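Participant: Quick mapping for you: the protein sequence lines, in order, are chains A, B, C and D.
Under my numbering, the first sequence is numbered contiguously, ending at residue 411.
Under my numbering, the second sequence is numbered contiguously, ending at residue 411.
Under my numbering, the third sequence is numbered contiguously, ending at residue 411.
Under my numbering, the fourth sequence is numbered contiguously, ending at residue 411.
These are computed hints drawn from the structure, not numbers from a lab.
Predicted model, so just to flag it, every value in this text is computed and none were measured.
Some clues are possibly wrong.
Since the list can't tell identical chains apart, any single copy or any two copies may satisfy a pair.
[As the list claims (entries may be wrong)] Under the rule of at most 20 Å between Cα atoms (straight-line distance), these lysine to any residue pairs were calculated in the SDA-like manner:
{"#": "1", "residue 1": "K85", "residue 2": "P352"}
{"#": "2", "residue 1": "K121", "residue 2": "P145"}
{"#": "3", "residue 1": "K85", "residue 2": "G179"}
{"#": "4", "residue 1": "K355", "residue 2": "R155"}
{"#": "5", "residue 1": "K355", "residue 2": "E130"}
There are 4 protein chains.
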Amino acid sequence: MSAAGELVSEPAAIPKYDIVRAALVELRVTDIEASERFYSELLGMVVAGRTKEALYLRGWEERSHHSLILRHSAAPGASRLGFRVRAEADLDLLAEEFDARDLPVKWVEGRDPGMGRALRAWDPFGYPLEFFYEMEQVETQMQRFDLHRGAPLLRIDHLNLHTPHIEEGFRFWRGLGFRCSEYISTDGEEEQLTAAWLLRKPNVHDVALTLGRGPRLHHTAFWVGEPAGVLRACDQLAAAGAAHAIERGPGRHGVSNAFFVYLRDPDGHRIELYACDYYTGDPDLKPLRWSASDTRCRTFWGTRAPDSWYEESTSILGPDGEVVSTEEPGLDERDQRSEVMA
Amino acid sequence: MSAAGELVSEPAAIPKYDIVRAALVELRVTDIEASERFYSELLGMVVAGRTKEALYLRGWEERSHHSLILRHSAAPGASRLGFRVRAEADLDLLAEEFDARDLPVKWVEGRDPGMGRALRAWDPFGYPLEFFYEMEQVETQMQRFDLHRGAPLLRIDHLNLHTPHIEEGFRFWRGLGFRCSEYISTDGEEEQLTAAWLLRKPNVHDVALTLGRGPRLHHTAFWVGEPAGVLRACDQLAAAGAAHAIERGPGRHGVSNAFFVYLRDPDGHRIELYACDYYTGDPDLKPLRWSASDTRCRTFWGTRAPDSWYEESTSILGPDGEVVSTEEPGLDERDQRSEVMA
Amino acid sequence: MSAAGELVSEPAAIPKYDIVRAALVELRVTDIEASERFYSELLGMVVAGRTKEALYLRGWEERSHHSLILRHSAAPGASRLGFRVRAEADLDLLAEEFDARDLPVKWVEGRDPGMGRALRAWDPFGYPLEFFYEMEQVETQMQRFDLHRGAPLLRIDHLNLHTPHIEEGFRFWRGLGFRCSEYISTDGEEEQLTAAWLLRKPNVHDVALTLGRGPRLHHTAFWVGEPAGVLRACDQLAAAGAAHAIERGPGRHGVSNAFFVYLRDPDGHRIELYACDYYTGDPDLKPLRWSASDTRCRTFWGTRAPDSWYEESTSILGPDGEVVSTEEPGLDERDQRSEVMA
Amino acid sequence: MSAAGELVSEPAAIPKYDIVRAALVELRVTDIEASERFYSELLGMVVAGRTKEALYLRGWEERSHHSLILRHSAAPGASRLGFRVRAEADLDLLAEEFDARDLPVKWVEGRDPGMGRALRAWDPFGYPLEFFYEMEQVETQMQRFDLHRGAPLLRIDHLNLHTPHIEEGFRFWRGLGFRCSEYISTDGEEEQLTAAWLLRKPNVHDVALTLGRGPRLHHTAFWVGEPAGVLRACDQLAAAGAAHAIERGPGRHGVSNAFFVYLRDPDGHRIELYACDYYTGDPDLKPLRWSASDTRCRTFWGTRAPDSWYEESTSILGPDGEVVSTEEPGLDERDQRSEVMA
């Protein structure tokens, strides 16, 4: 077995703390009204609350107060990638672990409506993680079909990170107890990872790593109940004059089997509408490999993703709100792709 | 061949006038605000106009000003079954024909916004027909997906009549140039028609005849683009507290292959949402027969229609607004049904 | 808070063993060829293996060798309700627990292709449980869309039990670490549970309890990716002459939000095709209550379930293959239902 | 009004003959087994018959014996574009008309199973038209859902022609009684047609003209009942290793509102799966204009069609089987397109 094959097949750590799932993202936006129109009016997300500087949103199914924070800023960026833990005490265990690894942490509290104490931590690659337990529980609006608009977006599903350090990144997340469902690697003796899907909740992923210039946030995904919802979102966006927001798809992913479309918000932040992946909770889950040369791994129907999808991503903001500087990877997944025409 | 088989197989007349399609219905309603809430807010139809006494609605695809008129009245009923003709002169030809048959006619004009001269005519069974050519053409809103609500209802498709005189009715409509696509008849030597589907535009029907107490209007159907729309309408009605409006389905018809649901409006008028039937425009179209004992003809999946669906219908209003008296048929289709359980 | 409200709100036990999910059912069938035609040819399940006496099937997504066993028998019944555990050692911990409760257990091994050691245990109500860790892992056929037929059925989702002892049953499952997502209870001061949905994997349920004569198996559910698949299954069953197998639906559940249809196999075993429920993995999940008088809890669209759905179920087979005798409950959920017609 | 606007707004001729619809295409293929695998096995069309040299296929809904003929040949091409007429006598009227215009005609009979006498005629641009009345009527398999595979393809819908002489072509078809539903034209004073949709049966088209090198056949379209069927076809093609056959889409057309995907068969012939267009049978139908600079006219969601879609088409075969030589148009629709990014 190759190095990459061995790497992905090692079992995940079983840490003392329990990260439940990806649960929150904070995006910095330059025109909060334009963003509200996009997320609330066009995509139909539920407005959970607002402050002078920020707008809080959630999906129709969600019972947690919010899963998306849009905060006004002079320049766009991603300032928090949030994960819910199983118990308050897990936060202290995580703080100990980051301390032990000499990674910076900070406790925050009372900053966001509906949230309690949270642990801010920066991983070795510069991503701004946040772990929290307490969030106000609200009534689900899953069955208020009469109010649904757009897709509709039901709940946050996962975060996808652009990174040049994919194997180190893989080890980091596995160390937090994340398991691997699928991965893409190059062919040949020097097999290299070009993407990996990592999970805590039992579907395909909470976090994906995509080889590319980073650290950057590639996209945030929201779950939609069925392909028909993804199509309806495209129709509604186009009808409202926002067809330019549709970047890639709709289509079927080879990896994850999901039916998807990728959108770009007014600041260029990428949002995926995501439906139809599968159950991964069994103890002997084996990662599925896709070859980077297989035209079906990115889109099962063989369609190439546009260059923007490989190249553009959201900047990461550091502890003081500064844009974290990025590095290029040594390899481009697109170069591995062999276009086979029958 | 049996009598019923012979009847349905005779070719339609080729009259000098050209009836294009079923295009309009006027329903009398007792609470026009409740009706507006049902058709516009819950089902999402487009409000085309209103007068002191009436509300005019159309589907999202339609370019004709309106296809549904709701007129305030002390008691509910159906007061117009409207058909569009190909040219203004067809109205005069139709007037001649009804005159020649000693059937009452009346010219009306300037009564409804967007409409020109129309010919009101009563058929031999008491149904209040209206033929018109001129109607204001408006912009379609078919692709205003961002405004669509509910199913959405795209266009009027057909009218279904409850009648005890089904074979005479069949002959009457065939005389106007209507062709037959499908029919249900009893088994055995004395085959009798229990339902027939008759068309001018080339899908399954513009007018259907259903054996039962009549003359009454069984239902008015609106076209929906796909089964997913029918399901969404049910979800939205139920979410808005109007689950009681769902009378039958959703399901697949054996006859017509349509995917359907039947609703009852606040006055009990029955509305069908109808998708997925087929093309019938070829010159050698042969009527398809279903046996009244075949559990799949009404619902392909074998589900029985509720008794209300067989028994209840909208009263027909006569020339002076009076309820036309009804007769019972000699036969009940339900009695012909053999329930086969494997 | 009422007694039932208090009962469902108590937290689940956190046992030392870890039951992952409902994973297997064994049904006794009287004509294995008729059953194979139903499950494999009509519903399109994958045939995983066969012995002289039994047929092993799985869904298209599943990587475990089988999830449904059909075993030939003189009379129909359910002989195993199977659950997968996280580790081999969990089986020994479960054996200790059942021993400590004076409940019968038995170790079985080498009986079924692809399976290792399993713990058979009978719960206090007579249900034949089976816990196992080891099962051969096979390649998923989730993306062999070219081979899919019918719905298609992707994976086993849950088991639903008819029981007269619903509150005692609730306590038993909660003792095994099952959490409650939703429940139905009667109105008024003497609130009584009439149904409860209990889970280990984070969707709506692995086991549901339905008040009724028991112990019996009410149904086994398989996950389908989207409502369109449920409709397609109905169309295909009816086209193949098996419309009589469709007992209830398709429709939307109020409880669970699932889009469903209930089928009856050639021996009358009830199968649910189930799509579109929701995520329940957060630590502070609060059970949702539905009133037994709410016409939307069973079908969101208000449609009544047929009497057969309330009354008929699969007999449970005891340790020696005998039919376990049943008891009637003191209450009928249907009597609580108030039909509101607007 | 501009020249192009005037052109499309002139009423269609009302000829003495009555062309019912586009009903047949004959494609020459180089490997008939590969073609059969594509159309029958992968796309699931019904095999209606075969001779030593040709394969006859139809859609699941169709009651006419065949709508697609694949004939073995050394080089690929399109050798017949077939139209059904309302009566046998219409063929003689058409022969007179072509004669009067000095266009070549030929009577053929007994050449194809299920067909009677047919009139072969070459239009002024070199397209090989065929008009016929008599075709064997067979039982529809529309409701044999248990046998359907792929999309499934229900019936032939239209033919799309690549032509450099779009305005002359428009006049030719209008002279045969075809009406115009939609068109694309360039902006500015010298408005020029770049595409037009022309119909006899009342949906968006039977024949479309697309500006480009011609005479060539751009594609043949088959009707699919709903978007879900289009997606399923893509999934099944990709699963069977034929993802390379998917050229463009799936997507929503701005023009026609249809949900579509374009496929390429083993010889490169382009097939469209087409769902969800609209009714056009009213007498006062006004053509809808799209600007060639509107990114939504080709795909409502703004996605560019690939260059192959604009450039590649099937050669037309002349009276002696020779490839008809082609001309380039003076204008490229793509040059008119302004890409607007918000």
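Participant: Honestly, which of those hints from before does the structure not fit?
Facilitator: Per hint list: single violation, 3.
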